[in-house]
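Just so you know, the protein sequences line up as chains P and X, in that order. Take 1 as the starting number for the first sequence in my numbering and just add one per residue. Take 1001 as the starting number for the second sequence in my numbering and just add one per residue.
Incorrect hints may appear among the rest.
Pairs of lysine-lysine, DSS-like flavour, derived with a Cα cap of 25 Å [stated by the list, open to error]:
#1 P:K7 - X:K1107
#2 X:K1069 - X:K1107
#3 P:K64 - X:K1069
#4 X:K1094 - P:K398
#5 P:K398 - X:K1008
#6 X:K1069 - P:K7
#7 P:K7 - X:K1008
#8 P:K312 - X:K1130
Partial chain X-side listing against chain P, Cβ under 10 Å, derived [as the list claims (entries may be wrong)]:
#9 V1024
#10 E1057
#11 E1068
Computed far set for chain X versus chain P, every beta-carbon distance over 12 Å [claimed, not checked]:
#12 G1050
#13 N1065
#14 K1069
#15 K1078
#16 A1086
#17 S1101
#18 Y1106
#19 K1107
#20 L1174
#21 T1175
#22 E1180
#23 F1183
#24 E1185
#25 P1188
No wet-lab data here; the hints were simulated from the structure. Note that this is a predicted model, so its numbers are computed, not measured. Cβ coordinates follow ideal geometry from the N, Cα and C atoms, glycine included.
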Amino acid sequence: MSVDHIKCECGHVNPEGTVLCEACGKPVAKNQDIDGNNKKKLLNMRYEGSARRSQTYNRSIVDKTWNFFSSVRNGVILILIALVASGVGTIFPQAMYIPEEAPNRDPAFYYEDAFGILGKIYYQLGFHELYSSWWYMILIALIGVSLVICSLDRFVPLHRALKMQKPKRHYTFLSRQRLFGETENVSDEDRQQVIKKLKKSRYKITEDNGYVLAEKNRFSRWGPYVNHIGLIIILLAAILRMTPLLFMDEYVWVREGEEKVIPGTDNEYFIENKKFTVDFHDENDERFKEAIENQGDVESNFQTDVVISKVKEGSVVGQSDSMETVTEDSIWMNHPLKFDGITLYQSGYQENEFSDMTFKIYETDDEDQESLGEVTIDLDTPEDTYKTDSGFEVEVTKYYPEYELKNGEPRSISQYPRDPAFVFEVLGPDQEEAEMSFVGIGKNIDATGDNKYKLGIQDFNVRYVSGITVRKDYTLPFFIIGAAIFLFGVIQGMYWQHRRVWIHPEGDNLVLAAHTNKNWFGLKKDIDKAIEGTSIKMPIDQEEAEEKKAMEEDEEA
Amino acid sequence: MSVDEARKKKKNKMRKRYILRSAVLALLIGLTVYALYSNHNKDKEIYQPGDEAPDFELTQINDQNEMEKVRMSELQGKGVMLNFWATYCEPCEKEIPYMQSLYPDYKDDIEIVAVSLDTGKLVVDDFIDKYDLTFPIPHDKQSEVRGLYNVKPIPSTFFIDEDGIIVDKVEGALTLDKLEDYFKEIQPE
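Extracted from the complex, chain P is given alone in its bound form (with noise of 0.2 Å):
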């Protein structure tokens, strides 16, 4: 026979590292320290005392690795790794959570500004993108394959160990067994009568010359194995959420009357902002008072009203004409837009910027201002020159949409129209040269101080800009597929209990022992059941027995 195979006096050949005997019980000498059973009186019956991660196939790397990963110990060190990494990406925000109104989002920034040297150092470690960076993904990674080895480690040997189990178990597994008793002088009739009640509690009963098992509900024994298929589906959809075709998570701001490439989509989609809505709950209704009083006005709804078109096929990127709606529809909180697999979720909005302003023509030295004349500007597509019904001319030399003075240049820091200013010049009807000028919001300069005419900002509309959320996730079914797998296995786990009671005869006595992984109370009640009467004596809890006398120990001492 091999020497790495242990041979149990029952016959049945065990394979290395077996602690009990697959089939009879019987504790292997030699391998009682793994379970710890050689310091203690009863039998550890995790897994069945079945040879877990075998030492001895341990020569090259694979097997090394797949050692590594197979203790319980080390994936519970990577457990605390995770917990403890993923602690420290809350000390401060990450990146993608610097708030809106910081003075500079800018990371290599915002981290200092807002935290001193820890910021910086968080900043500089990566903290900020912790959990997207490569380590916390191989740590997950790690986790994940700690799970699978752990699970078909255990889950092979265990069933193995289950099935083989034979009716009769040798004398030392049972007396060592948490629930043992002997009874004399036991009658056939007694020990017909506890295998038929005990059948009743629907125990399934196997019987060999004699020696009875009686076995209830082993399936809940496969209930942490089923939980661990469940998180492994749950981390292959995380993985999959990385496939952009399964799922794509997007941010696009858009301005009234502006239409717009859906980002990720490919230039295939186009989302136009024909209106947007916001309302306001009312100051004086007494539900949202105190609210309004604490943080201002308090939105009821914010709304978009959109139109989504679809490019045609085959044509050509920038030849925008080519389109055809695919729906026109309103998105607001809670009420996201849907069509070909990609969802629009309204998720915020922005009022600072103006969409036209109209200007009114004044004589300098007019105290009273009267109008000559109005223009009025789309300020994002302006034109060369505008005039009015009254003769005037006004013409558009310089448009600053974000007007700044640096370096004594004025000049837009962007495109969008949030602080305006423009240098016009003016012909009026009576004029023969321009006269120019300087207008923006609250600057009115006259370029050589003796301007006939004057321009003045008479009225103005502003526009909102839609921030909208564009999201396409095909991997969420994945998700509650392996969540709800998780929840079975938990329940298998919980609500049932693995029960075994053995009836063996020994000698003239009749041995009843008795095993569950948990709920020991509702074993006991069923044995109690079984025997009732019987002459058969309820076997002894030894566990508690023995806390029992250590307990009269100390009080004697």
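Following the hints, position chain X against chain P.
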């Protein structure tokens, strides 16, 4: 069972176990590498040097240039400097005069396509006048081409050879010397 037979059986079993374990480990490592790889590439451009420059067509708005529309695929045979810029972008404003200074000399070999990302035309016209620009300026009002090339910061420049293959990609403004170096790289022989 003879000792030899038992040994053989054991060896067989071990080999099976080895293969199984290797397969499981390989699968798990594969998944991990895939996850890391896709996470790493998440924010990367779709088009890299070596790829063919994707086609587009935009209306050209520089009156100093005779082109009415710019279509990428029709520029093959010439090297192309595809630049993305806007009037409000300061580094762009530094770079564009360099482009103009090289344009007359390289015009026959290299086309400068400076895609304007401004919404309004007025500011662009102003800018063209200010710097006397003569190269074609296509107007990407809806950020379509910007999206197509996945351009994040501006200025961004793609240098494309006469076969329509992207040779280099530069984020940020270039100096005159560097710009000329890149021009020489994409200049057809």
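Results for each hint:
1. Simply put, K7 (chain P) and K1107 (chain X) have alpha-carbon atoms about 89 Å apart, too far for the 25 Å limit, and the pair is violated.
2. In summary, the hint linking K1069 (chain X) to K1107 (chain X) is supported, as the alpha carbons are separated by about 17 Å, within the 25 Å threshold.
3. Proximity of K64 (chain P) to K1069 (chain X) is assessed by CA-CA distance (about 65 Å); at most 25 Å being required, the pair is judged violated.
4. A distance of roughly 19 Å separates the Cα atoms of K1094 (chain X) and K398 (chain P); the hinted pair therefore holds under the 25 Å criterion.
5. This hinted pair does not check out: K398 (chain P) and K1008 (chain X) have alpha carbons roughly 91 Å apart, beyond 25 Å.
6. Annotation: proposed proximity of K1069 (chain X) to K7 (chain P) is violated, straight-line Cα distance about 87 Å (limit 25 Å).
7. With a C-alpha separation of about 19 Å, the suggested pair K7 (chain P) and K1008 (chain X) falls inside the 25 Å cut-off, and the hint holds.
8. Between K312 (chain P) and K1130 (chain X) the CA atoms are separated by roughly 39 Å; this puts the pair beyond 25 Å, and the hint is violated.
9. With 10 Å as the threshold, the beta carbon of V1024 (chain X) comes within range of chain P, its nearest partner Cβ sitting at about 7 Å, so the hint holds.
10. Residue-level restraint check for E1057 (chain X) holds (minimum Cβ-Cβ distance to chain P is 4 Å; threshold 10 Å).
11. Taking 10 Å as the C-beta contact cut-off toward chain P, the hint placing E1068 (chain X) at the interface is violated, the least distance being around 13 Å.
12. With a least CB separation of 20 Å from chain P, G1050 (chain X) remains clear of the 12 Å interface cut-off, as annotated.
13. Consistency note on N1065 (chain X): stated as away from chain P, and its beta-carbon is indeed over 12 Å from all of that chain's, at 17 Å minimum.
14. Remark: the non-interface label on K1069 (chain X) conflicts with the geometry, its nearest Cβ contact in chain P lying 9 Å away (cut-off 12 Å).
15. Remark: the non-interface label on K1078 (chain X) is consistent with the geometry, its nearest Cβ contact in chain P lying 19 Å away (cut-off 12 Å).
16. Residue placement check: A1086 (chain X) does not keep its beta carbon more than 12 Å from all beta carbons of chain P (closest about 6 Å).
17. For S1101 (chain X), the non-interface assignment is confirmed: its Cβ lies about 21 Å from the closest Cβ of chain P, beyond the 12 Å cut-off.
18. Once the 12 Å rule is applied to beta carbons, Y1106 (chain X) is consistent with being away from chain P; the minimum gap is 25 Å.
19. Remark: the non-interface label on K1107 (chain X) is consistent with the geometry, its nearest Cβ contact in chain P lying 23 Å away (cut-off 12 Å).
20. No beta-carbon of chain P is positioned within 12 Å of the beta-carbon of L1174 (chain X); the least distance is around 21 Å.
21. Under the 12 Å C-beta cut-off, the non-interface status given to T1175 (chain X) relative to chain P holds; the minimum distance is some 20 Å.
22. The beta carbon of E1180 (chain X) sits about 27 Å from the closest Cβ of chain P, which is more than 12 Å, so the claim that it is off the interface holds.
23. Non-interface call for F1183 (chain X) relative to chain P: holds, since the shortest CB-CB distance, roughly 25 Å, exceeds 12 Å.
24. Every CB of chain P is more than 12 Å from the CB of E1185 (chain X) (nearest about 26 Å), matching its label as outside the interface.
25. No beta-carbon of chain P is positioned within 12 Å of the beta-carbon of P1188 (chain X); the least distance is around 24 Å.
Of the numbered hints listed earlier, those contradicted by the structure are 1, 3, 5, 6, 8, 11, 14 and 16.
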